[in-house]
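> Residue numbers (UniProt numbering), protein chains in the order written: chain A, 1 to 257; chain B, 1 to 302.
Hints listed in this document are in silico derivations from the structure and should not be mistaken for laboratory results.
Mixed in with the good hints, there may be bad ones.
As a list, the in silico DMTMM-like pairs of lysine to aspartate or glutamate whose alpha-carbon atoms are at most 20 angstroms apart [what the hints assert, rightly or not]:
#1 A:K88 - B:E293
#2 A:K88 - A:D135
#3 A:K88 - B:D111
Which residues of chain A face chain B? A few of them, derived with a C-beta cut under 8 angstroms, are [unchecked claim]:
#4 R102
#5 I240
#6 L242
#7 W248
These stretches of chain A come out as covered by chain B in the derived footprint (C-beta under 8 angstroms, 3 or more residues) [stated by the list, open to error]:
#8 40-54
#9 138-145
#10 150-163
#11 208-218
For each residue, glycine too, the CB sits at the ideal point set by N, CA and C.
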Amino acid sequence: MIRLLLLLLLLAFPAAAQVAPPPPAAPPTIAPPSLAAQLSVSTIEVTTAFTGGEILVFGATERLIGAQGDEVVVLATGPSTSLVVRQKVEMLGAWINGPSARFNRVPTYWALASTSPVATLLDGVERQDLRLGLDLLPLVQLGARGPQFRAALASLKQDAGLWVDQVKPVEVSGGRLFHARLPLPATVQTGAYQIQVMLVREGRVVARQELRLDVVRSGTAAWIADVARGQPVLYGLACILLAALAGWIGSVLFRRG
Amino acid sequence: MQVYLPIAEMSVDALLLLGIGFGVGWLSGLFGVGGGFLLTPLLILIGIPSPVAVGSGANQTLGASVSGLMAQWRRGNVDVRMGSVLLVGGFAGSLLGVQLFAWLRRLGQVDLAVSIFYIVVLGTVGALMMRESLTAILRRRRARPRRLHEHFWMHGLPLKMRFRKSRLYISVIPPLLVGFLIGVLSAVMGVGGGFMLVPAMIYLLGMPTAVVIGTSLFQVVFVTANVTFLQAIQVGSVDIVLTLLLLAGGVVGAQIGAAMGTRLRGEETRALLGALVLSVALALLWDLLRVPEQLFVIGPVP
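Please model the entire structure based on the sequences and the hints provided.
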């Protein structure tokens with residue numbers, strides 16, 4: 001009887017009993033793709049006429065999307081940067097920059113969208129692991145302490161339209177086709193953007209696809225920014241000459257007229 | 001029509017920039033100053049980051065002043081010798097000013113510093129101009145024989161030099177100092193310094209009003225060229241697209257303003273300019289004292 005129980009225990013907890021090696025973590029890919037997603041464009045060009053744009057992610061799932069079936073979560077992150085958040089304080093009647101906190105590796109762009117609110121799809125641990133939430137971003141705060149700096153960062157970024165937390169849901173058509181439009185304001189940073197599309201089934205992410213989007217300056221804007229950064233001496237001289245030329249042309253035109 | 005500014009990394013309405021350029025150009029043509037002291041605060045007000053506003057403001061002032069300088073040059077109203085002495089001081093001053101600007105930026109207090117510089121300098125200059133011009137208007141009828149110019153103790157310092165166009169024989173130390181101080185201020189404030197230089201040349205150096213505007217434009221052209229260059233190299237904040245849009249409006253405005261300016265009397269022009277300068281100072285002071293809408297600001301790591 002005891003032997004039988006032990007045998008059952010061994011069978012039930014093979015890893016704990018150190019008898020059998022732990023099974024290798026199986027990748028969540030399933031023979032017929034349960035998720036297929038794509039971006040409408042692979043490159044967004046920032047020209048001198050750029051006024052913002054959007055990331056359009058579309059795709060299809062194997063099963064029907066809905067409360068009982070699959071759900072889709074889309075997360076886009078832009079290149080990281082370091083930022084300083086300064087608090088304004090009153091000193092001698094004037095409002096000046098007071099204590100400041102520095103945040104490293106802050107995503108310049110962050111957008112989350114899903115077919116249903118993420119909090120209802122996944123539990124806290126899963127969301128934490130996948131960083132599906134503005135409050136779950138792993139931001140290290142240096143300098144001044146206090147939660148108000150991080151809160152201010154989030155609210156200012158959201159006001160600027162650079163952090164978009166489930167403002168618009170992922171839209172579904174025909175039961176299995178989905179598309180998400182993530183707005184990109186004109187102030188977006190150039191660089192490589194990572195877009196993750198996740199398929200959630202019964203509270204777990206069962207499939208995942210990573211897409212890449214490049215936001216690049218192009219045309220005159222790119223050329224000007226490159227010259228300004230790469231050859232500041234040349235750029236400075238060109239600015240002086242161009243401004244002087246514009247002034248000269250103006251005075252000549254008006255003397256004749 | 002929206003235009004993307006490559007250095008400021010944002011898009012702005014081009015018509016708004018043309019309009020600001022035109023308005024500032026009109027005022028500068030009317031009063032014979034570059035107008036940078038109005039432009040930089042306006043750019044900051046529409047959301048251009050302060051470093052870009054300062055760098056591009058200086059560059060725009062350069063273009064606007066070239067326009068004015070050529071008109072004055074044709075009339076022979078430029079004292080090149082006095083201008084050169086002011087310039088030597090101005091170059092040294094703007095070198096120090098750009099360093100000061102970079103240091104303030106690292107400290108995170110550049111917004112405060114620029115505001116305080118503006119309030120103190122504009123407030124002082126505006127108040128002095130108002131007082132002087134109002135006094136002049138009040139006693140216009142009681143015309144009194146006046147001396148060519150007042151002599152101060154500092155005019156008698158060593159290293160005397162003759163400035164023919166200005167009809168002066170004074171030490172080079174006061175013009176060097178004036179140039180130096182204005183160089184520092186123009187680098188920090190992103191202005192050519194015409195609005196400070198014009199009263200300084202009239203009241204401190206005792207130059208005749210006719211040559212003051214031409215000579216100040218001469219100095220401003222070179223100082224703003226230097227500031228543009230240094231800002232482009234050290235801070236990387238000159239946006240040529242922004243500059244050219246402002247200039248397109250500014251050049252037209254300046255010509256119209258200059259045509260209107262000839263119809264105004266000297267004292268009245270100075271009183272109006274003083275009132276304008278003073279009101280900019282008061283607006284900035286109000287901005288510093290009122291409770292800000294956002295108690296937090298985000299900035300790049302210096």
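> Now look at each hint and say whether the structure bears it out.
Structure-based check of all given hints:
1. A:K88 - B:E293: It holds: about 10 angstroms lies between the C-alpha atoms, which stays within 20 angstroms.
2. A:K88 - A:D135: Given that 20 angstroms is the threshold and the Cα spacing comes to 23 angstroms, the pair is violated.
3. A:K88 - B:D111: 11 angstroms, holds
4. R102: 6 angstroms, holds
5. I240: 5 angstroms, holds
6. L242: At 6 angstroms from the nearest chain B Cβ, L242 of chain A passes the 8 angstroms test, so the hint holds.
7. W248: 6 angstroms, holds
8. 40-54: Answer holds; 7 residues pass the 8 angstroms Cβ test.
9. 138-145: violated (count 0)
10. 150-163: holds (count 4)
11. 208-218: Our answer is that it is violated, as 1 residues pass the Cβ test (under 8 angstroms) against chain B, missing three.
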